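Given chain A's structure and the hints, the job is docking chain B onto it.
Protein sequence lines correspond, in order, to chains A and B.
Reminder that position 182 of the first sequence reads as 182 in full-length UniProt numbering, one-by-one numbering, no gaps.
Reminder that position 178 of the second sequence reads as 178 in full-length UniProt numbering, one-by-one numbering, no gaps.
None of these hints come from the bench; they were simulated from the model.
Errors might be hidden in some of the hints.
[Stated by the list, open to error] Here are the simulated DSS-like pairs of lysine-lysine, each with C-alpha atoms no more than 25 Å apart in a straight line:
id	chain 1	residue 1	chain 2	residue 2
1	A	K461	B	K598
2	B	K521	B	K224
3	B	K454	B	K474
4	B	K218	B	K521
5	B	K366	B	K297
6	A	K458	B	K598
7	B	K598	B	K617
8	B	K463	A	K308
9	B	K79	B	K224
10	B	K598	A	K471
11	B	K598	B	K645
12	B	K521	B	K474
[Said to hold, decoys possible] Reference listing, derived: stretches of chain A covered by chain B, where coverage requires no fewer than 3 residues with Cβ under 8 Å from a Cβ of chain B:
id	stretch
13	59–73
14	305–311
15	319–327
16	344–355
17	426–438
18	447–460
Small disclaimer: the values here were computed from a predicted structure and weren't measured.
Glycine included, C-beta positions come from ideal geometry on N, C-alpha and C.
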Amino acid sequence: MEQSDSKQMKPLRRFNFWKWTIISVIFRIILIYFSQNLNFSTRPEVSTPVTSLRRLSEGYWLKQLSMSPYAGSMYHGSPLLLAVLGPLTVNKIAGLPSHILCSLVSVVADVFSAMLIRALGQHLQLRLKSFQLSGLFKQSELLPSGDIAALVYLWNPLTLVTCVGFNTTPVENFFIILSIYGASARLAPLAAFGWTIASHLSLYPSVLIVPVILLLGYGPDSPPRKLSLQRETVKGMHKGSNDGYPEQNYVINQLPPPTLSWRPVLSFILWTSIWTSYILILCAVSMKDHRGLPEMFRKSYGFILTVKDLSPNIGVLWYFFAEVFDFFRNFFLIVFHVNILFMIFPLAIRLNHRPIFLAFVYVAISSMLKSYPSVGDSALYLSLLALFANELAEMDYSFFLFCGYVGVSLLSPVMHNLWIWRGTGNANFYFATAMAYACFQIILIVESVSAMLNHDRKIQKLCTQQTIELKDRKIQ
Amino acid sequence: MSRLQYLFLVIFLLFFVSKSKAKEELEAEEEFSEALLLRPLPDRKVLAHFHFQISVPPTQTYVRHHHLFPKSIYQLVQKFRIRELELSFTQGRWNYERWGGYDPISSSVAKPPGVELWAVFDVPKNQVDSSWKNLTHALSGLFCASINFLEDSTTYSSPEWTFRHSGNSLRYGTLPREAVCTENLTPWLKLLPCRDKAGLAALMDRPSIYRGSYHSQKLHITVKEYGAVESNSGIILQQTLSVVLQPPNLGIPSKSKLQPSWSLSSLFGREVSGKCILSKSSHVYIQFEQNLVSELKRLEEATKASNTEVLSSGFSSNNPSFELSVSPNRVIKEVASSDKGTSVLFEFSVDHYRDLKPFDLKLNWKLPASWSCEQAPFHVSRFLMGSGNERGAIAISLTSTGKNVYKQGATEGGVCHFRVNIFQFVPWYVKVYYHTLRIYTDEQLQPAEGLVEKMRVSPSEDKVSPGVMEMVLKLSCGVKTAALTLEFDKGFLHIDEYPPDANQGFDIPSALVNFADFQTKMHFVEDDSLENAPILSNLKETRPVLAYTEVLLVPLTTPDFSMPYNVITITCTVFALYFGSLLNALRRRIGEEERLLKDKERRKGPLTMLLSRLSAKLRGKPIEPPEPSSSSTSSHLVSRKLISKILLVAGVAAIWQFYLE
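In isolation and in its complexed conformation, chain A is listed as follows (with noise of 0.2 Å):
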């Protein structure tokens, strides 16, 4: 049975994954080239004022005229990448859209996320292997999660859209990848590296940090630690044993050491202060002429935890900070802001031997809750989550979810067309489905956060059943 269950399996692995991610190249390239006609860059579920290249190529005007990049209120991203991508806005290829060239990056950087993650889910695979859990499991063999989730990446239509919007989100999410990978792959330079550039491009991404250090720390996600202190009581009962029960058939052997590797994290400390000085002396150097580095947070991060813009975005904040009294907008900006924060210990503490899925987690609600979101952010999480596709098999409400992720994008739309061009509709109906959109997110957190408990439940179960096995054993 097993065998013949491995044969079907074995075509729908090799699904030609590399075949589909050709396909998506070329469908990205021929939708870049009626972008003109898609009008995707004006969209605000996809380009938002920080991420917006028509905003970077404004920016890049203003400095080719030896202003401040950042006069006015239009740029509000870094310098180095107006130095990196505002070329490109400007040379133009003749005979073709005039945004090609930045669309490109846009596609080579959705690819390399897409590779990073098929590898991020090939580590997580040789680590779940490595603990032969497979009684947990329905399938008798693992779905390649990589490759789904690195799929689930290149043919989402969020992303989709995102990378023909003319925007800098498919960059930042390149980066946020590669510090993850990078730290799963216990390459401290890497990850330090993804890290810094990350949270300078969007700020969010910091949060990261502790996910990123426990993955060094512990290494990719595995069963609970508390686990393994199990382990020494079990391994003495064996040794009194001479039963030839082979010792590798317990999960509980196979468990990595609870102990934190300190080498790597420091390494990351290291390289992480290294990176980030580097990357502000490069903003100072840019920004010598107008007025340095202050300048550059003010205009930049500073818009960013200020909510400044309100024009609407499929966030909750915009409307809320339009509508609310000015005498109360400084108090709710840090209870907005200490929503996120709040949660990052709670979290750590529960879900510390789960460093990527905590990742997840984190993405997902900065994705939630940040001031200016997009729908690339969004797109980011859903391929993370597709990462423990075995681990959350059991997850709650997840049709529910998929229908609303479906009907939210297809009516935010028809109420932004109503309420902003036809001007039948009203600000509410829009925030309406803002709202919706927010609740599905929270129910998709929450319950995977839950399902992966729950999970890690069962674990905990099957080794304590072991251990009582092996007790009874002992005392017969």
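Here is chain B on its own, set in the frame of chain A:
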């Protein structure tokens, strides 16, 4: 009694003498003159341009008594150290195509709708803004208008070179939506020595002057500095009121080509009953502009009038095509210059008219005449492109009026060029992408580098500063049309920032187009009589040819104004849902974990036991008797732990208290 009478007499005498003395001195110094210029317009309308001028020569004393000059204006000038100021209230839009855009009168009369204020200050750079803010408040009080809205840094700008070359001390602001009415006119009239009780200002019958198609009242202060000492300045206050009126049709069928005949009484409903006694000169002028003059000459020749002496004598008041009820005191002809024809001014003095014999000038047309006003080289218009409330584009289009520009254009390497300065001011909620600037000439997209000679952009900053663009376009003389477009995104405001009628939209103030290579003035024969008429010496001054574009109405999306509480509560509910459910999922324990917890509970200290007992009692459940497993050592340990905890809390509280004080 007699002594008292004597005292009174002495006081009276003293008072009289001093007053007459003062009068002698001041009358020699302060001058007031009034004038009214009437001009028939090609579209059967009449432009009436009132011009009042009061001047104060420089004095040595700081505090002084004014005989004619309004004290409020003098104080304003002294307090804010104004070098030049112009304030205009305008209702309606000057029709450049029909009413002219090139001659000195139309370029000084044409103003953007609403309030326009600009001022040049004589203060250090860092104090200019505060002076401006105080000035707006003072003017707001003086003229009963909401000029104080110009105080906000998002509403004014400092154009550097397109408007006027004044360096950094110039501030310019407009309020396009300000409604202009009698409440603004009354304080303006109060500045005149005779108010509207006597003289030409008596013509200002409110219903008739506000009935016109265009109404612009203006106040211009020039401080002429003679020396470095500020008190040495002479101040000239010019007040003008320009109205475009439609003369009532007096039995002439409207389809007739004959221009409507009009008189002062038919235009204003009043007559002039003499001059303001305080004025030095009081004149009424009728101006026929050059195209009309040549048209009349043509008519004259065509009719071949019998009396050839008229022809030989040239242009005079008794022309076959029109008739003036009062013969003019003087006919002033412009000196023919090489490039244009001459206009004619008929001067009437109202000095010798009295109440019983009022002055009522009448112009009767006898032959139909049609002409067109002199146009600026380009007709300028500005419009919005795109639909919806998310984004759009501003376009400024210049259409050649067919005027020959080769004379004024500068020739450079054999190619004739001329410059067009554009000054555009946009509020911050219209977020202009300046890199999307496209320039089209003759409907062909041109690279901006070739056409833009000079450009200064100060992009708008949200809620801090407006977007200002100053640009010098260098167009070749043969260009028929030129257009420039700029894309923009519409911003979203906080509900408090919307005006009461938010759905009406927001106004973008007029852009100012300055044809830098073109200047206009009237050429008169140098004569002593001109000195007596400030309006004529004013027309003689060289002026730039300006054109204001239309005010744009930008509709912005509005949020639901009735929703703040709902939005706050719903959003906070969603946040609570997130926080609560996630925390609940994290701390939920089932099965073994619960048992583990129970085991822990058994090993608890006496205080916690007490607490649990209390809570159980409160919940109305039977107390679970804890197993007496706790040994003495463990209880000792727990109590020590407890003590250390209490000590820690107390220490933190003490430190807190200490640092708080």
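Given pair status - K521 of chain B, K218 of chain B, alpha carbons within 25 Å = Holds - the C-alpha atoms of K521 of chain B and K218 of chain B are around 20 Å apart, at most 25 Å.
Does the alpha-carbon distance linking K598 of chain B and K645 of chain B stay inside the 25 Å limit?
-> Holds, at roughly 23 Å.
Measure nothing beyond the straight line between the CA atoms of K454 of chain B and K474 of chain B; if it is 25 Å or shorter, mark the hint as holding.
-> OK: K454 of chain B and K474 of chain B at ~9 Å, within 25 Å.
Straight-line alpha-carbon gap K461 of chain A to K598 of chain B, limit 25 Å = holds, 18 Å
For the stretch 447–460 of chain A, do three or more residues have a beta carbon lying closer than 8 Å to a beta carbon of chain B?
-> It holds: at least three residues are needed, and the stretch 447–460 of chain A offers 5 whose Cβ sits within less than 8 Å of chain B.
Can the stretch 59–73 of chain A be counted as covered by chain B under the rule of three residues or more with Cβ-Cβ separation shorter than 8 Å?
-> holds (count 8)
Measure nothing beyond the straight line between the CA atoms of K463 of chain B and K308 of chain A; if it is 25 Å or shorter, mark the hint as holding.
-> holds, 9 Å
Given the hinted pair K366 of chain B and K297 of chain B, is their alpha-carbon gap at most 25 Å?
-> holds, 14 Å
Can the restraint linking K521 of chain B and K224 of chain B be considered satisfied, given a maximum Cα separation of 25 Å?
-> Judged against 25 Å, a Cα distance of about 21 Å means the pair holds.
Regarding the pair K458 of chain A and K598 of chain B, is the alpha-carbon distance no greater than 25 Å?
-> holds, 21 Å
Pairwise hint evaluation, K617 of chain B against K598 of chain B, where the allowed Cα distance is 25 Å at most | Roughly 19 Å between the alpha carbons, so the hint for K598 of chain B and K617 of chain B holds.
In terms of beta carbon proximity below 8 Å, does the stretch 319–327 of chain A have 3 or more residues touching chain B?
-> As far as the stretch 319–327 of chain A goes, the hint holds, because 8 residues have Cβ atoms under 8 Å from chain B.
Going down the numbered hints, you'll see the structure goes against none, and every one checks out.
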